[in-house]
Each structure stands twice: as C-alpha cells, then as structure tokens.
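Engineer: Make the full structure from the sequences, and use the hints.
Each chain is listed here by its residues.
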Amino acid sequence: DTGVSQDPRHKITKRGQNVTFRCDPISEHNRLYWYRQTLGQGPEFLTYFQNEAQLEKSRLLSDRFSAERPKGSFSTLEIQRTEQGDSAMYLCASSSWTSDKFGTQYFGPGTRLTVL
Amino acid sequence: AQSVTQPDIHITVSEGASLELRCNYSYGATPYLFWYVQSPGQGLQLLLKYFSGDTLVQGIKGFEAEFKRSQSSFNLRKPSVHWSDAAEYFCAVGPANEKLTFGTGTRLTIIP
Chain A
1 DTGVSQDPRH KITKRGQNVT FRCDPISEHN RLYWYRQTLG QGPEFLTYFQ NEAQLEKSRL
61 LSDRFSAERP KGSFSTLEIQ RTEQGDSAMY LCASSSWTSD KFGTQYFGPG TRLTVL
Chain B
1 AQSVTQPDIH ITVSEGASLE LRCNYSYGAT PYLFWYVQSP GQGLQLLLKY FSGDTLVQGI
61 KGFEAEFKRS QSSFNLRKPS VHWSDAAEYF CAVGPANEKL TFGTGTRLTI IP
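Chains as they are written, first to last, in the working numbering: chain A, 1 to 116; chain B, 1 to 112.
If you are wondering where the hints come from, they were derived from the structure by calculation, not from laboratory data.
All residues carry an ideal CB built from backbone N, CA and C; glycine is no exception.
Take these hints with a grain of salt, some might be off.
Heads up, simulated BS3-like pairs for lysine-lysine below, C-alpha to C-alpha not over 30 Å straight-line [unchecked claim]:
| hint | chain 1 | residue 1 | chain 2 | residue 2 |
| --- | --- | --- | --- | --- |
| 1 | B | K68 | A | K71 |
| 2 | B | K49 | A | K57 |
| 3 | A | K57 | A | K71 |
| 4 | B | K49 | B | K68 |
| 5 | B | K68 | B | K99 |
| 6 | A | K57 | B | K99 |
| 7 | B | K61 | B | K99 |
| 8 | A | K11 | A | K57 |
| 9 | A | K57 | A | K14 |
| 10 | B | K49 | B | K99 |
| 11 | B | K61 | B | K49 |
| 12 | A | K11 | B | K99 |
FRET-style restraints, in silico, Cβ to Cβ [stated by the list, open to error]:
| hint | chain 1 | residue 1 | chain 2 | residue 2 | range |
| --- | --- | --- | --- | --- | --- |
| 13 | A | T20 | B | F51 | 34 to 42 Å |
| 14 | B | S18 | A | A53 | 27 to 35 Å |
| 15 | A | A53 | B | E15 | 43 to 51 Å |
| 16 | A | T38 | B | D54 | 29 to 37 Å |
| 17 | A | A53 | B | I11 | 27 to 35 Å |
| 18 | A | K71 | B | I60 | 31 to 39 Å |
| 19 | A | P8 | B | I111 | 29 to 37 Å |
Structural biologist: Okay, structure coming up:
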C-alpha cells in the first residue's frame, strides 16, 4: 500500500479566502473520511463517502464547507470564506471491506490550515 | 451516542518503565475500538484494534490492549517504554467503516 496522501501539507490563507484540500486514499479503499483536529483535541468527524456517494455529514460541516469525491477515487474539501476558527489540521482517512483490513481507517499526514 | 474518555491528559514515565493509558467508552452495541498514535505535526498511525474474539489484542511497537466489556474500558499497555514512544495517544470507538469518535488524547513524555 502506498498510504493515504494529502495535499498541500500546509496552507496559510487570509480570512475570507477560499481554500481547497485534496486527499488520495489507498487505492482499493472504497470509503473515505474527513476529520478536523484542533490543538489539544482529538480528531472530530466531518463527513465520509462510499465511492462517490456522501453518506454522512457532521453538523460541524457548515454551509461554507463542501466535500466531493467525483469519481470515487480522490476527494476534495473546500472551505469558502475562511474564518480564523477554521484554523486546524484536516485529516483524511480511508477504509476497506476486505477481510484483513476490515473496518480499519488509515490516516494521511493531514493538511495544516492557518487562517490569518 | 458514542463517546470516549481518556482521563489522563498528560503522563510522564521513565524510559524502561511500564505504561498504561486509560480509555473508557460509551457505545450502544458491540464496539469497534482502536488506539492510534500521533507524533507532532503528523497524521495518526494505527497501533491496534479490537473487533471481536480474544479480549487481549497485540499491536505494533510492543503495545497491547485489553477490552473489558463490564468496565467499558480498552486500556493500552506496554511493559517497557522507549524514548521513541513519546507522542500523543488517541483511543477511538465506532462502527466498522463509519465515523469514529475519538478521545481528547493522552500526551506521553518519556524521561531518561
């Protein structure tokens, strides 16, 4: 496995700007998850996909946030009109239904967002 | 609703000493339980998981955890810690292949 990759690793933006993050899951994984982690806290669930279908969204995901997985492979998370409270680490994970890795989420390195 | 409590925010142990990190969970059905480790500025690495079967599970880096249904606990242990074990440790619960709920983490410091 090549692992979950995320791009960019760091993003600094000014308040009010839009940002987009990309996640590439492990190739055979059909489920993809987004989490947000603020300083001193554990990751909090945002949303997840099975193939291209978005199955669940957290109430944390305001209307300024949108996530897509158009071809069931990579995913993007866009934040519009960023606010300072959006500063966090955004983590992506993927999982599979195959027997040896069943139900286990594997995480990428994260994208650190700083909103000035 | 599912939840996880990690009562210890910060633990300091001497290198070579034993370690136990506590995790208590609340979940309506048979839980899927995980321990992840995170180094500063990095993503999460899976240490071990419990789905069913033997309640004592072995993981990577010499870690093990024991599932105790009666106590709603899934404590992580290591008999002898190494300086490289210094990191943040997260316990998580959830259904298979759905959202995970994480605890707030325990920061582990190792002293020589």
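Engineer: The structure should be examined with respect to each hint, and the outcome stated for every one.
Structural biologist: Hint-by-hint comparison with the structure:
Simply put, K68/B and K71/A have alpha-carbon atoms about 42 Å apart, too far for the 30 Å limit, and the pair is violated. Note on K49/B and K57/A: the hinted pairing holds, with a Cα-Cα distance of about 25 Å set against a maximum of 30 Å. Only pairs whose Cα atoms come within 30 Å are accepted, and K57/A paired with K71/A is accepted, the gap being roughly 19 Å. At roughly 14 Å between alpha-carbon atoms, K49/B and K68/B fall within 30 Å of each other, so this suggested pair holds.
With a CA separation close to 22 Å, the supplied pair K68/B and K99/B stays within the 30 Å bound. For the hint pairing K57/A with K99/B, the CA-to-CA distance comes to about 10 Å; that is within 30 Å, so the pair holds. Restraint check: the Cα-Cα separation between K61/B and K99/B comes to about 26 Å, which is no more than 30 Å; the hinted pair holds. Simply put, K11/A and K57/A have alpha-carbon atoms about 24 Å apart, close enough for the 30 Å limit, and the pair holds.
Distance restraint check for K57/A and K14/A: the Cα-Cα separation of roughly 26 Å lies within the 30 Å cut-off, and the hinted pair is therefore satisfied. Taken as a hint, the K49/B and K99/B pair is honoured in the structure, with Cα atoms around 15 Å apart against an allowance of 30 Å. Between K61/B and K49/B the CA atoms are separated by roughly 14 Å; this keeps the pair inside 30 Å, and the hint holds. Restraint check: the Cα-Cα separation between K11/A and K99/B comes to about 25 Å, which is no more than 30 Å; the hinted pair holds.
With their beta carbons about 35 Å apart, T20/A and F51/B fall inside the hinted range of 34 to 42 Å. Look at S18/B against A53/A: about 46 Å separates their beta carbons, and that is not inside 27 to 35 Å. For A53/A and E15/B, the Cβ-Cβ distance of about 48 Å falls inside the hinted range of 43 to 51 Å, so the restraint holds. For the pair T38/A and D54/B, the beta carbons lie near 36 Å from each other, so the given range of 29 to 37 Å is met.
With their beta carbons about 41 Å apart, A53/A and I11/B fall outside the hinted range of 27 to 35 Å. Between K71/A and I60/B the beta carbons are some 33 Å apart, a value that agrees with the proposed interval 31 to 39 Å. Checked against the given bound of 29 to 37 Å, the beta carbons of P8/A and I111/B, roughly 36 Å apart, stay inside it.
Of the hints listed earlier, those the structure fails to meet are numbers 1, 14, 17, in rising order.
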